[in-house]
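2 protein chains.
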Amino acid sequence: MTVLILTAEQDVTADMVVAKLHERGVPMVRLDPADLPGKAVLSADYAHGDFDGYLSVNGHVLSMGGLRSVWVRRPGEPAAHAAEPSPWLTAETRQALFGMLYSASTRWMNHPRRAEQARHKPWQLRVAHSSGFAVPPTIITTAPRVAQQFVEEYRDVVVKSASGPPPGELPAALPTTLIGPGADFSGIAAGPALLQQYIPKRADIRLTGIGSRLFAARKAAVPGQIDGRFGDTGHGWEITAVPDRIARAVHDYLVYTGLAYAAFDFAEDEDGVWWFLEGNQGGQFGFIELETGQPIAEEVALWLSQRRPELRIAGGH
Amino acid sequence: MTVLILTAEQDVTADMVVAKLHERGVPMVRLDPADLPGKAVLSADYAHGDFDGYLSVNGHVLSMGGLRSVWVRRPGEPAAHAAEPSPWLTAETRQALFGMLYSASTRWMNHPRRAEQARHKPWQLRVAHSSGFAVPPTIITTAPRVAQQFVEEYRDVVVKSASGPPPGELPAALPTTLIGPGADFSGIAAGPALLQQYIPKRADIRLTGIGSRLFAARKAAVPGQIDGRFGDTGHGWEITAVPDRIARAVHDYLVYTGLAYAAFDFAEDEDGVWWFLEGNQGGQFGFIELETGQPIAEEVALWLSQRRPELRIAGGH
Numbered sequence: 001m002t003v004l005i006l007t008a009e010q011d012v013t014a015d016m017v018v019a020k021l022h023e024r025g026v027p028m029v030r031l032d033p034a035d036l037p038g039k040a041v042l043s044a045d046y047a048h049g050d051f052d053g054y055l056s057v058n059g060h061v062l063s064m065g066g067l068r069s070v071w072v073r074r075p076g077e078p079a080a081h082a083a084e085p086s087p088w089l090t091a092e093t094r095q096a097l098f099g100m101l102y103s104a105s106t107r108w109m110n111h112p113r114r115a116e117q118a119r120h121k122p123w124q125l126r127v128a129h130s131s132g133f134a135v136p137p138t139i140i141t142t143a144p145r146v147a148q149q150f151v152e153e154y155r156d157v158v159v160k161s162a163s164g165p166p167p168g169e170l171p172a173a174l175p176t177t178l179i180g181p182g183a184d185f186s187g188i189a190a191g192p193a194l195l196q197q198y199i200p201k202r203a204d205i206r207l208t209g210i211g212s213r214l215f216a217a218r219k220a221a222v223p224g225q226i227d228g229r230f231g232d233t234g235h236g237w238e239i240t241a242v243p244d245r246i247a248r249a250v251h252d253y254l255v256y257t258g259l260a261y262a263a264f265d266f267a268e269d270e271d272g273v274w275w276f277l278e279g280n281q282g283g284q285f286g287f288i289e290l291e292t293g294q295p296i297a298e299e300v301a302l303w304l305s306q307r308r309p310e311l312r313i314a315g316g317h
Numbered sequence: 001m002t003v004l005i006l007t008a009e010q011d012v013t014a015d016m017v018v019a020k021l022h023e024r025g026v027p028m029v030r031l032d033p034a035d036l037p038g039k040a041v042l043s044a045d046y047a048h049g050d051f052d053g054y055l056s057v058n059g060h061v062l063s064m065g066g067l068r069s070v071w072v073r074r075p076g077e078p079a080a081h082a083a084e085p086s087p088w089l090t091a092e093t094r095q096a097l098f099g100m101l102y103s104a105s106t107r108w109m110n111h112p113r114r115a116e117q118a119r120h121k122p123w124q125l126r127v128a129h130s131s132g133f134a135v136p137p138t139i140i141t142t143a144p145r146v147a148q149q150f151v152e153e154y155r156d157v158v159v160k161s162a163s164g165p166p167p168g169e170l171p172a173a174l175p176t177t178l179i180g181p182g183a184d185f186s187g188i189a190a191g192p193a194l195l196q197q198y199i200p201k202r203a204d205i206r207l208t209g210i211g212s213r214l215f216a217a218r219k220a221a222v223p224g225q226i227d228g229r230f231g232d233t234g235h236g237w238e239i240t241a242v243p244d245r246i247a248r249a250v251h252d253y254l255v256y257t258g259l260a261y262a263a264f265d266f267a268e269d270e271d272g273v274w275w276f277l278e279g280n281q282g283g284q285f286g287f288i289e290l291e292t293g294q295p296i297a298e299e300v301a302l303w304l305s306q307r308r309p310e311l312r313i314a315g316g317h
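Protein chains in written order, with the UniProt record's numbering: chain A, 1 to 317; chain B, 1 to 317.
Careful, some of the hints might be misleading.
You can't tell identical chains apart in this list, so a pair holds if it fits in one copy or across any two.
Restricting the straight-line Cα-Cα distance to at most 25 Å, the calculated cross-link-like pairs of lysine to aspartate or glutamate (DMTMM-like) are [what the hints assert, rightly or not]:
1) Lys160 - Asp35
2) Lys219 - Glu238
3) Lys160 - Asp45
4) Lys160 - Glu298
5) Lys219 - Glu116
6) Lys39 - Glu77
7) Lys39 - Asp52
8) Lys160 - Asp50
9) Lys160 - Glu84
10) Lys39 - Asp184
11) Lys39 - Glu270
12) Lys160 - Asp52
13) Lys39 - Asp265
14) Lys20 - Asp184
15) Lys160 - Glu23
16) Lys160 - Glu116
17) Lys160 - Asp15
Quick caveat, the hints were computed from the structure, so don't treat them as lab data.
Looking at chain A on its own, in the form it has when it is part of the complex:
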């Protein structure tokens, strides 16, 4: 039973997990979908009353019947490295690869449909609230008057992107910014804004959830600092305990979203309350592991190498 890792060639985080799988002696195939077709060969057979299929990568043949789990880490676009790439070739290759993988009875970290759904931040806030997290008051609106009222009610408000940074900028290029009631909200009519009450915090929390295993790390904040991801606070990440309420909420969140892996960001306020800021199904964990020594890569490898099959075989996603 083999683990399939879908990721680009340069991926240090994947390397960490690959090393752990090697230590455990778990067979593993690593594929960048960009290399298909070309370095990799695929065949799926719906011919003899049942389904079978295989992937061949660098001489390793992976049969769909022998597929233990799929880790969708940081895959390239299918057929991106083809001699004559085209949107249509990408679409056909994506269909061929993922259509075959979806047909297999395997465990996913994370299933692409689950991941895609979980990327919707408004839905995420709704699920977080239902799961029992404390969620800062938030609105998403194209109505300037509604934005104005929100800022008047909550005073200190941050504006965020709902979909991530604008294209062409670095992923980390859009820090969360603080606005006040004097701001000009007329531009909101031209594009939706996500506004959230600013939580004055004494620490940032990063919690990594892998199945039922949780790893939490805490970094003390500099007073008045808005976005802990930017700039040096003079503090490092340290291991911290997970409050019971948070552990239950993470469990419900993962069950509800169907995710096997998620990295959560919280703001810890002066009373010690952890406020839910974001659940990132593809969040990094390498920097936390390096700073705290928490065995996150090993836990990912353990999850991927389990033989426990999915109860739902292929549908329902």
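Chain A is already provided as a structure; the job is to place chain B on it using the hints.
For chain B alone, coordinates are given in the frame of chain A:
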């Protein structure tokens, strides 16, 4: 309780359903996501311990608490009609709109995540087979030798696209074509091919499934005709009965895929067996209704106007 129809302005099929909803006196809002922001205003509020939101379209205000169902018919790209459209504005607007709709407790025809999954043709074949349909032997491969062997085994084979027609061509521009063992398969190494045993047919079948209601129509084939969608056969669509085995299989397929609506294409062979060719979650029904008089638009309207809530409120998709 209001029905929301997401579709472009020009959509005759939607017009048919809108007329039926009017007849039933069911409140309805029609929105092209391309008109958001602009003609439409959106606000979602995650502020007061629970979720609320509204859409305002042409003076009609639709509250998320009063949302009965969503019909994802043929929506334009979010923000496509904006004064300054951009991929980022589209991404933000999609997040705002669908994130809000996913947060509501509503019924979907079809939920975008379910629809996206169901578009994967290889997975579709697998689900069709599991559901009890007769599925023609099929392979999807980038290995020329495997393709050659398949054609030698099944003799008459058709090649199809897995993802749909190539871009820039008309949607109907890629007819299914017949190939023989003498063909050159070397090009398959550069791009995956979907090969399927050719089923000599005496008729095409189009079956429309809406919840538990099925409408089947039959069009007699011209001997030797490969693709019934192209050219005039001299025969029209006529109402036909649904065999029990097919009704059970459609039920299982819809439950398994989570689709509320799907249009199925079958080839009826000389023995009367219906061979599953395709299940299209967004398939047209207007032409069938016009030729056969089957009340499909009315059934869609009925499904959308039911007050029965989803058992799963927002998650699991």
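For this session: If any of the earlier hints don't hold here, list their numbers in rising order.
Result: 4, 5, 11, 13, 14, 15, 17
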